[in-house]
Amino acid sequence: MAVVETRGLSKVFKEGEPGAVNNVSLKTNEGEFLVFLGPSGSGKTTLLRMIAGLEYPTAGEILIGGQVVNRLSPRERRIAMVFQSYALYPHLSVYKNIAFPLKAQKVAKNLHRQKVEWAASLLGIGGLLERKPRQLSGGERQRVALARAIVREPSVFLLDEPLSNLDAKLRASAREELERFHKRVGTTTIYVTHDQMEAMAMGDRIVVLNKGIVRQLGSPKEVYDEPADTFVATFLGSPPMNLLESGEVILGFRPEQFVPAALSGTNAVPLNLRLEVIEYLGAEWILSGSLAGGRFDGKNVVARLASAQSFEIGKVYDFAVPERELKFFDRTSGKRTPAQALSWQ
Amino acid sequence: MRSLVWRKLGHWIVLLIFTGLLAFPFYWMLITTFKQTSDLYNLQNNPFRFNAAPTLDNLRLLFGQTLYLRWLGNTVLIGVIVVAITLLLAVPAAYALARLTGRWGQRLGIAIFLTYLVPPTLLFLPLSRVVAFLGLQDTIWSVVVVYPSFTVPFSIWLLMGFFKSIPRDLEDAALVDGLTPFGAFMKLVVPISTSGILTVVIFTFTLVTQEFIYALTFISTAEHQTVSVGVPIFLVRGDVYYWGSLMAACLIASLPIAFVYNLFLDRFIAGFTVGAVKG
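Just so you know, the protein sequences line up as chains A and B, in that order.
Per the working numbering, the first sequence runs over residues 41 to 385.
Per the working numbering, the second sequence runs over residues 3 to 281.
No lab work stands behind these hints, which were simulated from the structure alone.
Fair warning: there could be bad hints in the mix.
Stated by the list, open to error - Quick list of in silico lysine to any residue cross-link-like pairs, SDA-like style, CA-CA up to 25 Å: (1) Lys143/A - Phe20/B; (2) Lys189/B - Leu345/A; (3) Lys172/A - Lys223/A; (4) Lys172/A - Phe221/A; (5) Lys67/A - Arg47/A; (6) Lys172/A - Leu172/B; (7) Lys189/B - Glu170/A; (8) Lys375/A - Glu288/A; (9) Lys10/B - Phe20/B; (10) Lys166/B - Ser204/A; (11) Lys172/A - Gln124/A; (12) Lys189/B - Tyr135/A; (13) Lys189/B - Glu157/A; (14) Lys375/A - Ser278/A; (15) Lys149/A - Glu173/B; (16) Lys136/A - Pro193/B; (17) Lys172/A - Leu200/B; (18) Lys143/A - Met188/B; (19) Lys189/B - Leu169/A; (20) Lys189/B - Ser113/A; (21) Lys189/B - Ser278/A.
What the hints assert, rightly or not - Covered stretches of chain A (in silico footprint by chain B; criterion: 3 or more residues with CB under 8 Å from a CB of chain B, positions within the stretch not fixed): (22) 115-122; (23) 127-140.
Cβ coordinates follow ideal geometry from the N, Cα and C atoms, glycine included.
One chain only, chain B, in its complex shape (with noise of 0.2 Å):
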């Protein structure tokens, strides 16, 4: 009686712990935003807590002297193509490679991982002149054209494990229940493999609103950036940080993104260790 007490003491302790370990990058963001910055770069203060009264001008900085809105929107526009392309490209594509090219299709389907493996910083050079040669230079379509060479990838290679978890038979029965290969992979093969391809999309998303160096060598018109881009330029001026509108702009831009995370978590955990273990 008296260890099942230690037990679910102790469980909630470290329950706790990373509770606040997790929490507190936002409990940080959250702070900082609403902080006038002579209490911020005070040391004699507490800083975990308010020491001056909290201000908005942080904010109004941010969205009345940034295009914070505008690059908001850019991300998001460019994030939900790129999801478009990679989904349209990568489902078919691992389908494909898990089932229709027998041996080879493993093979080939380690060769395109192999290709997320180059960093970026060894591709942007080559891909500015793609980018160039295309006449996409300073407009968003220069990265939406970029991201998918990452981002299609990693998805076939984490939605090929997941067909390839999908029993054969259940095809082989909807083919004889009267539906063409294609029908069976539209109705059949795609419902059952939902979290493989919601993982695909918060991956891809996530990975795209996170991108730098294409966004920085790419894009150099403020109203054409990123918010992964744009924050740190406009808000980091010579050696002067805006923390205070900073915090605000990763707080905003991060919170969706948690969310959406946190709603998904058990499909995106399915999503990742399909295959890991049988049943």
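Just chain A, same shape as in the assembly (with noise of 0.2 Å):
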């Protein structure tokens, strides 16, 4: 097991161009689950490559158990990695190409049987050994590319969206088997996804990432709950959180914490909600609408509520939010600042 740690790691691809990682920084801790979460095109995967040892980095350093590995290349980082489309090797068996690692790092051919056994019954694919990867499914697939990366015991797991391309159903069940995996094999795991619901879930920490710059770094509570910024702000929730843009600030606040009046406590900004369109999700409804006079009137806000049967659209509704779930943000930098006394009419 180890480390992982990047210091001002940037990757600039062509020159003149914005890069593609620009000056990360960050730690993993010793076991950790850590995701890289941010939309395509924000870099994590380059990131994540360079940790591998498959890009080279333009500037910065990258350190795996304490020593710099910028110079080694993917094979002497003691790494293994599971890429996207799985990279089974086409023309081997599941066996071989769960012994490939052994077979390509030497290990003495007498361990092999007994190591692919090893990892092929971790991952419940004991049976499957002498099929072809075109004859697997899916999430058998998947299975054989995890079989691969630990067979050789690493000391850092790389996976880059593993259960993309699998089917919604599948994929649930997938990243369970895939928590329960690190849980028994603790080994540091780097995860990078576009799903927030798959970096929540999974991540002991998250990495939200966007245009190659680390927006923030924390637990899945603390980038929900106390975003750093508006872009965290929003790429992470579903709806997002409202954002209501007045002088010098924005005002944040997350949908399910714009309730009606009744609900709402003591110590809490009352706020009237027009009412333009409901949704029923099953579990929950999203009420989207404007607010109706004060500073804000006029902004578009959503609510989620556990229940909204006796609403109409059309008409003004008293609803109001919690003070201390109010999240404030500097207008020009977008970065968070603290809460301030604002006047509300």
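Once you've looked at the hints, go ahead and assemble the two chains, each given alone in its own frame, into the complex.
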């Protein structure tokens, strides 16, 4: 096991253009499950590939287990990587796929079968060893890719969107499986995804990336409840945080904190909601509309409620947000600022 | 039910027509090989069957009075060496152009392919100077040196498409799994590209066996000639065509190639159509 650290890491693919990764410094904890989360083009995969040694950084250092590995080739970094496409070797059987890293790293031949069988049984694919990759389902392929990654007992796991090729149903079960797998082997894992659900569910901590810059690094609770800037606030959460601009500040609150005044308790800021759209999503209701009267008259907002049977479109309702749930951001930089007194009229 | 029967029948009729069409040249060569010359030239005879007793005279002439076996040997030897040279040059070059040279790789690949389009009839004059300079006139080595000039460009072009169709992730995975870039090329890219490489082998070999102009101009001694030159030179004398022996020579030379083609037909098609359709 090992700690992965980057210091001022940057990658510029084409001179003169903005970098794919810009001055990223971060450090995993021992045995941690760290998630890189960001939209496509945010540099999360490039960052991962630099850690793997598949891209050479333009600037900065990468450390694995305290040792600078910039100059080391991928095979010398004691890492394992699972690719989005799984990258199973199509001409080899499952057994040979899993044994491939052992053979490549010249592990004594008499240990191969034992190690392959150990990895295969860990992932429940002991019965598939003689098949070819094309004879496997998506979920089975993913497990083979994981088995191939774990067989050499690496010090770090790098996973690049390993669930994105699975259908929605399989994805949920594969996610749980991955979590259990990580608990069992306890290897430091870096996981790249654009799916906030995956990030929230699996990550010990989340690195939120945008345009190659780390916007926030924190536990799922921290990045969700205390977003560092407006990007994080809107990227996480579905529907995203309501943001209201006024003067030099942007005011934000989560849709689930925007509730009918009767439910909000004391110390809540009253706001009037003119209801325009109601969406029923089974377990919850999404109410969209605009604020009526006051400083933020006419701004669009969204509320998320467990029940909304008695509401009617076009009417104005008394809603409120608990004061402690209000987040303040600087309008120019988008960065979080301390709470401040605000006149609501 | 009825339409199904008709469809099947139509299917078989088309199949039969094409089979007949493609097998006919072989039948013609075979029957001509064993016909007496008088039978061949009599216009009253039905040409599709034996009208006189079959004979081995044509084969006797071919093997007894020409150097046919020697030419076959030369052709195979030249073919094998040229295939080896072609693979040695084209496989790494195509890989480099497909993977390592970025945007310029594609352009360079097209440029290399263009050289394939320059006809041998234009090139044999300057190339004969090269052959003379190397002191290889009238040896099989003259064509061994010259043939790669057209087999390599085409093979590079073909293999480039093949290598490009291999997902890059696979090579990255091999690098992470513990191979060097060269190791990944040898142990992963080459085995996956078997169909493409096989296509190159068959294609190169066929090109070499049928090449005429270079072989004709660079080699003059009978012992050094190839099938494609030796046969027409020695079995067409003035306006006399030794049809029986000619057909026997063609049949013997073409059967093994046809056999190999059919053996690897699926892979051969895969080799040529790679990248044309996704998946």
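Hinted pair, alpha-carbon criterion (25 Å max): Lys143/A, Met188/B. Please report holds or violated.
holds (14 Å)
Agreement of Lys136/A and Pro193/B with the hint, judged by alpha carbon distance not exceeding 25 Å:
holds (14 Å)
Count residues of the stretch 115-122 of chain A with a Cβ under 8 Å from any Cβ of chain B, then say if the count reaches three.
holds (count 4)
Taken at face value, is the distance from the CA of Arg47/A to the CA of Lys67/A at most 25 Å?
holds (9 Å)
Taken at face value, is the distance from the CA of Phe20/B to the CA of Lys10/B at most 25 Å?
holds (16 Å)
Count the residues of the stretch 127-140 of chain A with a beta-carbon closer than 8 Å to any beta-carbon of chain B: does the count reach three?
Coverage by chain B holds here, the residue count being 5 at a Cβ distance below 8 Å.
Take the C-alpha atoms of Lys189/B and Leu345/A, compute the straight-line distance between them, and say whether it is at most 25 Å.
violated (58 Å)
Pair hint Lys189/B and Glu170/A, alpha-carbon separation not exceeding 25 Å
holds (20 Å)
For the pair supplied as a hint, Lys172/A and Leu200/B, is the alpha-carbon distance within the 25 Å limit?
Measuring from Cα to Cα gives roughly 22 Å; hence the hint holds.
Run the distance test for Lys189/B versus Ser278/A: straight-line Cα separation, threshold 25 Å.
Violated - the C-alpha atoms of Ser278/A and Lys189/B are around 46 Å apart, more than 25 Å.
Do the alpha carbons of Lys189/B and Tyr135/A lie within 25 Å of each other, as the hint requires?
Given that 25 Å is the threshold and the Cα spacing comes to 16 Å, the pair holds.
Is the Cα-Cα distance between Lys166/B and Ser204/A 25 Å or less?
holds (24 Å)
Going through the hint list in order, the structure does not satisfy hints 1, 2, 3 and 21.
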